[in-house]
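Line by line, the protein sequences give chains A and B. Under my numbering, the first residue of the first sequence is numbered 1, with each subsequent residue one higher. Under my numbering, the first residue of the second sequence is numbered 1, with each subsequent residue one higher.
Treat the hints with care, since some could be wrong.
[As the list claims (entries may be wrong)] Interface residues of chain B toward chain A, partial, derived using beta-carbon atoms under 10 Å: (1) Gln34; (2) Ala48; (3) Ser196; (4) Gly200; (5) Asp203.
None of these hints come from the bench; they were simulated from the model. Note that the Cβ used here is the ideal one computed from N, Cα and C, for glycine as well.
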Amino acid sequence: MSQRKNYIWLVCLLLVSSYSVADEVQLSEANKHCLECHANQTFKFYNEWMETTSIRMMNPFYIIDSISYLSGVHGSFNCFDCHSPDYETYPHNAELKLEPLNTCIDCHGGDETYADFKFDMIEEEFSKSIHYKISGESFTCSKCHNPHYYKTTARMSASINEIVSYNNTMCLSCHNNDLKYQTVSGTQLPQLGVVHDWLPNQELHFQKVRCIECHTQVVDSFMVSHNILPKEEALNDCNGCHSANSLLKASLYKYQNIQARSEEGKLGALISNEAYIIGANQNPFLKLISWIIFGITLFAIALHWIFRTIKRKKS
Amino acid sequence: MTERIYFYPIWLRIWHGINALGIIVLIFTGIRLQYSDLDVLGMGFGQAVSLHNIFGILVSVNYLLFVLGNIFTSNKKYYRIKPKGLINRVKRQARFYTSGLFKGEEQPFPLSEKRKFNPLQKYSYIIVMYLFMPILIITGIALLFPELIVEKIYSFSGIFLTAFFHAGIGFLVSIFLIVHLYVASIGKSPLDNFRSIFNGYHDVEPKKK
């Protein structure tokens with residue numbers, strides 16, 4: 001009897017595991033060919049001139065994390081969907097480095113499947129941003145959104161901490177990296193700690209709030225605003241976020257999916273929210289109760305004082 | 001003829017003065033932080049954060065003076081809880097404040113060398129000093145170092161609960177302060193009790209024979 005039970009369990013386990021494996025995105029054969037070298041720190045090839053097998057170090061900028069690639073939004077793509085098929089042979093033709101790569105709009109412009117992402121409006125907003133003004137067309141989407149690994153965290157995650165960390169990592173990949181910053185802007189990287197000197201509890205703000213909260217113009221029709229403002233126009237008014245009509249409610253906290261996914265209802269979402277923002281987390285019910293208690297106290301004192309005065313006058 | 005009793009030794013008056021100033025600053029800066037739409041005293045948010053932090057630390061350190069004073073001096077005797085008849089004593093005092101006082105009745109618990117506080121005073125001070133203040137100090141330290149706060153307490157956010165208790169108890173302390181200031185004005189003259197916290201002496205009516 002117990003052997004039979006174990007057998008049933010085993011069958012169930014196999015069914016479940018086969019389902020989950022089938023559900024995962026698998027590397028295509030063509031991608032395996034590329035990643036044989038590009039997923040490793042070293043690569044091996046046959047040197048026809050020397051007639052020997054050589055092992056070389058891979059340029060760290062060209063190493064692809066295959067696991068992150070598979071879990072990214074483009075995980076099901078073949079490398080040759082975006083890169084030239086001529087890359088199949090090695091040594092790669094040097095001129096291939098100059099190939100123009102597709103931008104997001106090349107594929108997603110007017111794309112009805114992803115209409116919700118509003119790619120065309122993003123393009124329009126981006127063209128107003130300081131990134132575009134300084135670098136023009138050369139500032140492609142991929143400067144921030146790595147097409148190999150990109151995840152739509154703001155739409156998928158129920159954790160504000162995760163959304164903040166994922167988003168800020170995008171900004172910091174250049175703004176906290178001398179080499180990348182200089183490659184894009186041609187200027188010296190400003191020290192983040194120094195330029196944010198005015199901000200109290202800097203570290204906590206960087207952990208809990210996205211850079212774009214202060215550095216973009218919030219647009220209601222968007223999930224994420226793409227009009228990155230010049231530093232002079234960035235928000236540096238504490239009340240902007242720390243108030244009942246906090247700007248964060250129109251940006252970081254507007255993702256209704258965060259509340260919906262928390263499955264804890266309105267009050268549940270309020271108390272289980274990972275972030276507490278002084279001034280912004282005002283609960284109308286508690287506010288009313290506190291005003292009532294305050295009012296009753298003052299009323300009782302006034303009444304007591306009146307009776308005391310009457311008594312004093314009588315005596 | 002009134003009798004003068006030395007109720008408030010110098011350490012207690014220093015503690016009380018610092019505490020009073022600190023709590024007032026904390027209440028105003030706390031309101032500024034919680035209700036930034038009100039624009040309290042035209043203070044900047046960053047300024048209010050700094051002041052709240054500095055005075056929070058000052059009041060916390062000062063609280064140690066109160067605790068140590070109450071451990072090592074005879075002042076502790078005024079804070080001893082006597083459970084027998086507690087509710088009745090508090091009720092009698094409350095009845096005096098709400099009715100007896102207007103009828104010209106005698107204080108049910110006249111102050112003396114042995115009794116510095118009436119029962120209502122005593123137990124409200126015990127609640128504020130030994131329950132509210134420790135909660136405010138602990139939650140305040142936690143909010144100064146939020147990385148110390150447990151992320152989740154069951155399904156509750158640790159930081160939300162900490163901030164909720166800090167602001168909620170802070171609000172109750174502000175209500176206590178308003179009542180405390182008013183009740184202090186119920187003396188022989190409205191300024192009598194305020195004078196006592198400066199010179200340490202309290203005028204009491206001698207017992208009627």
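Hints and how they fare:
1. Gln34: holds (6 Å)
2. Ala48: Hint holds; Ala48(B) Cβ to chain A Cβ min 9 Å, cut 10 Å.
3. Ser196: Because about 19 Å separates Ser196(B) from the closest Cβ in chain A, which is outside the 10 Å limit, the hint is violated.
4. Gly200: Given a least distance of 27 Å, the restraint on Gly200(B) is violated.
5. Asp203: violated (18 Å)
The earlier numbered hints that this structure contradicts are 3, 4, 5.
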